[in-house]
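Asker: Chain by chain, the residues run as shown.
There are 2 protein chains.
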Amino acid sequence: MPLRFELLSTAASGARRARIHLPHRIVETPVFMPVGTQGTVKAVPQNILEDLGAQIILGNTYHLYLRPGHELIRSLGGLHKFISWPRAMLTDSGGFQVFSLSKLRKLTEQGVEFRSHLDGSKHMFSPEHSMNVQIALGADICMAFDECTEYPADEARAAESLRYTMAWAARSLTHFRAHQHLVPWHNEFNGQTQSLFGIVQGGMYPHLRRESAQRLVEMNFDGYAIGGLSVGEPRDLTREVIAEVLPLLPKDKPRYVMGVGFPDEIVEYARMGVDMMDCVIPTRAARHGLLFTSEGRMNIKNRQFADDPNPPDSQCSCPTCSRYSRAYLRHLMQTGEPLGGTLNSIHNLAFYLNTMATLHSQLDEPTTTEHALANPLTR
Amino acid sequence: MPLRFELLSTAASGARRARIHLPHRIVETPVFMPVGTQGTVKAVPQNILEDLGAQIILGNTYHLYLRPGHELIRSLGGLHKFISWPRAMLTDSGGFQVFSLSKLRKLTEQGVEFRSHLDGSKHMFSPEHSMNVQIALGADICMAFDECTEYPADEARAAESLRYTMAWAARSLTHFRAHQHLVPWHNEFNGQTQSLFGIVQGGMYPHLRRESAQRLVEMNFDGYAIGGLSVGEPRDLTREVIAEVLPLLPKDKPRYVMGVGFPDEIVEYARMGVDMMDCVIPTRAARHGLLFTSEGRMNIKNRQFADDPNPPDSQCSCPTCSRYSRAYLRHLMQTGEPLGGTLNSIHNLAFYLNTMATLHSQLDEPTTTEHALANPLTR
Numbered sequence: 122m123p124l125r126f127e128l129l130s131t132a133a134s135g136a137r138r139a140r141i142h143l144p145h146r147i148v149e150t151p152v153f154m155p156v157g158t159q160g161t162v163k164a165v166p167q168n169i170l171e172d173l174g175a176q177i178i179l180g181n182t183y184h185l186y187l188r189p190g191h192e193l194i195r196s197l198g199g200l201h202k203f204i205s206w207p208r209a210m211l212t213d214s215g216g217f218q219v220f221s222l223s224k225l226r227k228l229t230e231q232g233v234e235f236r237s238h239l240d241g242s243k244h245m246f247s248p249e250h251s252m253n254v255q256i257a258l259g260a261d262i263c264m265a266f267d268e269c270t271e272y273p274a275d276e277a278r279a280a281e282s283l284r285y286t287m288a289w290a291a292r293s294l295t296h297f298r299a300h301q302h303l304v305p306w307h308n309e310f311n312g313q314t315q316s317l318f319g320i321v322q323g324g325m326y327p328h329l330r331r332e333s334a335q336r337l338v339e340m341n342f343d344g345y346a347i348g349g350l351s352v353g354e355p356r357d358l359t360r361e362v363i364a365e366v367l368p369l370l371p372k373d374k375p376r377y378v379m380g381v382g383f384p385d386e387i388v389e390y391a392r393m394g395v396d397m398m399d400c401v402i403p404t405r406a407a408r409h410g411l412l413f414t415s416e417g418r419m420n421i422k423n424r425q426f427a428d429d430p431n432p433p434d435s436q437c438s439c440p441t442c443s444r445y446s447r448a449y450l451r452h453l454m455q456t457g458e459p460l461g462g463t464l465n466s467i468h469n470l471a472f473y474l475n476t477m478a479t480l481h482s483q484l485d486e487p488t489t490t491e492h493a494l495a496n497p498l499t500r
Numbered sequence: 122m123p124l125r126f127e128l129l130s131t132a133a134s135g136a137r138r139a140r141i142h143l144p145h146r147i148v149e150t151p152v153f154m155p156v157g158t159q160g161t162v163k164a165v166p167q168n169i170l171e172d173l174g175a176q177i178i179l180g181n182t183y184h185l186y187l188r189p190g191h192e193l194i195r196s197l198g199g200l201h202k203f204i205s206w207p208r209a210m211l212t213d214s215g216g217f218q219v220f221s222l223s224k225l226r227k228l229t230e231q232g233v234e235f236r237s238h239l240d241g242s243k244h245m246f247s248p249e250h251s252m253n254v255q256i257a258l259g260a261d262i263c264m265a266f267d268e269c270t271e272y273p274a275d276e277a278r279a280a281e282s283l284r285y286t287m288a289w290a291a292r293s294l295t296h297f298r299a300h301q302h303l304v305p306w307h308n309e310f311n312g313q314t315q316s317l318f319g320i321v322q323g324g325m326y327p328h329l330r331r332e333s334a335q336r337l338v339e340m341n342f343d344g345y346a347i348g349g350l351s352v353g354e355p356r357d358l359t360r361e362v363i364a365e366v367l368p369l370l371p372k373d374k375p376r377y378v379m380g381v382g383f384p385d386e387i388v389e390y391a392r393m394g395v396d397m398m399d400c401v402i403p404t405r406a407a408r409h410g411l412l413f414t415s416e417g418r419m420n421i422k423n424r425q426f427a428d429d430p431n432p433p434d435s436q437c438s439c440p441t442c443s444r445y446s447r448a449y450l451r452h453l454m455q456t457g458e459p460l461g462g463t464l465n466s467i468h469n470l471a472f473y474l475n476t477m478a479t480l481h482s483q484l485d486e487p488t489t490t491e492h493a494l495a496n497p498l499t500r
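For the protein sequence lines, the chains are A and B, in the order given. Take 122 as the starting number for the first sequence in the numbering used here and just add one per residue. Take 122 as the starting number for the second sequence in the numbering used here and just add one per residue.
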């Protein structure tokens with residue numbers, strides 16, 4: 122039995138409050154999912170992620186396949202056990218990383234041949250192989266193997282790319298259904314199984330996006346993602362693609378926009394009716410000293426913070442803001458101390474997760490429409 | 122009023138159980154002090170240090186003087202407030218780092234002129250300046266400005282170096298007494314003040330060490346350190362110097378051996394009657410994947426741990442061993458993930474601190490002599 126999507130309410134804006142019942146967690150949506158590329162949300166210990174209220178985190182199939190290898194993770198009971206994360210997880214398909222990280226890609230009907238960015242070794246990802254890897258990793262949600270269309274791409278190229286993605290989606294689904302009993306935690310959750318999401322592609326071409334969405338919906342996935350965004354396109358275009366696709370997706374399944382975004386983006390897309398989002402921005406920005414606060418963005422490395430005894434965000438009660446000053450965080454960045462990346466990441470993740478929690482409260486109020494315009498970023 | 126040293130018991134081996142009453146903490150000894158060079162014990166958040174039972178940590182005067190600067194730290198209330206560490210702290214004199222890190226040192230009676238290892242800028246450390254910096258930082262314990270004699274050094278060189286250290290010790294004490302009211306937390310602790318320790322030098326020459334100890338004791342410091350060890354000499358020699366010096370130091374004041382050591386060393390020296398030790402080994406080794414366990418040293422990067430589901434140390438209940446496997450820690454090291462350094466450091470610090478706690482229990486038992494030979498490393 123795949124996920125159960127429990128829709129609690131839909132606001133006038135389109136925003137949905139829902140619960141996704143997954144084997145390892147009932148996830149309250151709209152949800153932001155921290156990214157744990159190599160089986161760790163960079164620089165943040167798992168217990169702190171729990172304390173911050175992270176419900177579901179991502180693992181990257183491409184990275185984990187290369188190191189330490191999916192068979193090793195399977196032999197240790199799957200990714201949850203391997204990294205000691207008891208809550209929900211999602212793995213991507215590997216398609217985006219093959220596209221963005223690997224060398225000498227060769228695309229065929231069969232799949233993608235590529236060389237590892239680590240050691241140049243030769244590998245092949247096909248829909249079937251991606252499913253095998255994701256089943257071995259054992260995340261609660263897997264993603265169909267897709268080709269992420271680059272930006273810009275002309276229409277012919279986007280259509281050709283979409284042709285691969287659609288054929289691979291069907292093969293992913295078939296292989297997944299036939300092999301999903303091989304998940305390391307098979308039968309541990311009262312018959313609950315992994316779920317598989319299809320990924321809408323089609324570049325920035327509305328008719329390709331529509332075609333993609335309609336065909337995926339016909340295939341009957343457990344949820345639907347909009348991929349191929351945040352690849353360099355202007356934000357207006359991101360919004361247009363999301364607005365175009367969302368109405369075509371079934372109301373009774375989760376909708377996931379991959380790889381977005383800044384805090385104001387995740388609020389905007391949640392209001393449009395997106396249920397799930399993930400992004401490396403909070404942690405990557407943190408490691409470079411960029412903090413998101415209730416007063417906007419703050420480059421903690423700036424000289425003005427050298428003697429500032431205030432917490433990064435006076436409205437925030439995260440472990441970083443409760444204990445440390447801007448002056449100290451700046452000092453840690455200036456001296457290249459690893460604690461800087463950790464404390465900054467904790468704050469940024471808290472900011473994202475608290476933003477979603479505030480959004481939940483707003484959507485849970487009976488007079489949702491009235492409150493729909495309150496900005497959860499300046500709570 | 123400087124520290125009060127409350128001697129609880131002395132074992133047949135010479136080992137002492139005591140309490141050092143400091144403004145920010147009553148420290149139970151023998152104590153191991155984690156090193157927080159730049160105002161952070163590398164990669165470990167302060168609340169975890171508290172949870173692990175760290176009672177007192179070090180800050181490095183040389184580093185903090187260069188970045189962010191002692192006047193800035195003074196203006197923010199001192200080092201405790203700056204880094205949010207409410208327990209005890211000790212700062213070194215800067216002498217060792219000037220010796221080991223800086224460029225183009227020029228030694229005069231006045232002090233040491235040197236160029237920063239960061240940007241080549243020119244600086245001067247004198248006994249008076251070291252005291253000013255340490256008073257501004259406001260640690261509970263300060264160290265007299267010394268010249269760390271290199272190893273090997275011939276007798277003439279060691280004697281010459283000692284001449285500086287002795288003259289500087291007297292000047293340190295005079296300046297410290299005259300200016301210690303300038304500490305940022307003056308009058309906050311019922312009249313308790315910073316304390317100043319003298320540092321015994323003299324290279325590996327027993328008669329120079331004896332001379333150094335006797336003259337420092339005459340100056341009447343609040344405690345005494347043995348410096349100039351762990352500079353490359355064989356361990357037998359380290360032990361000999363400690364054995365030579367300890368009997369010359371007053372029984373009613375703390376004795377501190379600087380910069381040691383491996384777990385078996387800290388146990389050995391504690392048994393000889395050393396009250397305080399500090400070392401970067403637990404954290405530095407951790408960042409390179411070397412773990413100290415009840416079964417000995419473990420290089421977690423070794424291939425044999427790739428699929429090992431066991432905790433690093435089955436006898437350890439630290440946050441790392443309670444949650445994570447050897448396989449996961451190895452993966453974090455293999456992939457260069459910052460969480461690896463953090464989790465390894467947490468375990469190694471726990472191992473050191475638990476070793477001292479076990480030693481306390483042994484020394485607290487009425488039949489101390491009988492238990493004195495039990496090895497706290499294999500509890």
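What the hints contain is simulated information worked out from the structure, not anything from laboratory work. Quantities reported herein were computed from a predicted structural model and do not represent experimental measurements. Do not take every clue at face value.
Said to hold, decoys possible - Listed below are several chain A residues computed to face chain B (Cβ distance under 10 Å; list not exhaustive):
hint, residue
1, Pro189
2, Ser415
3, Gly417
4, Met419
5, Asn420
6, Asn423
7, Gln425
8, Pro430
9, Ala495
We put the beta carbon where it would ideally sit given N, CA and C, even for glycine.
Asker: Kindly indicate which numbered hints from before are broken by the structure, ordering the numbers from low to high.
Answerer: Those not satisfied are hints 2, 3, 4, 5, 6, 7, 9.
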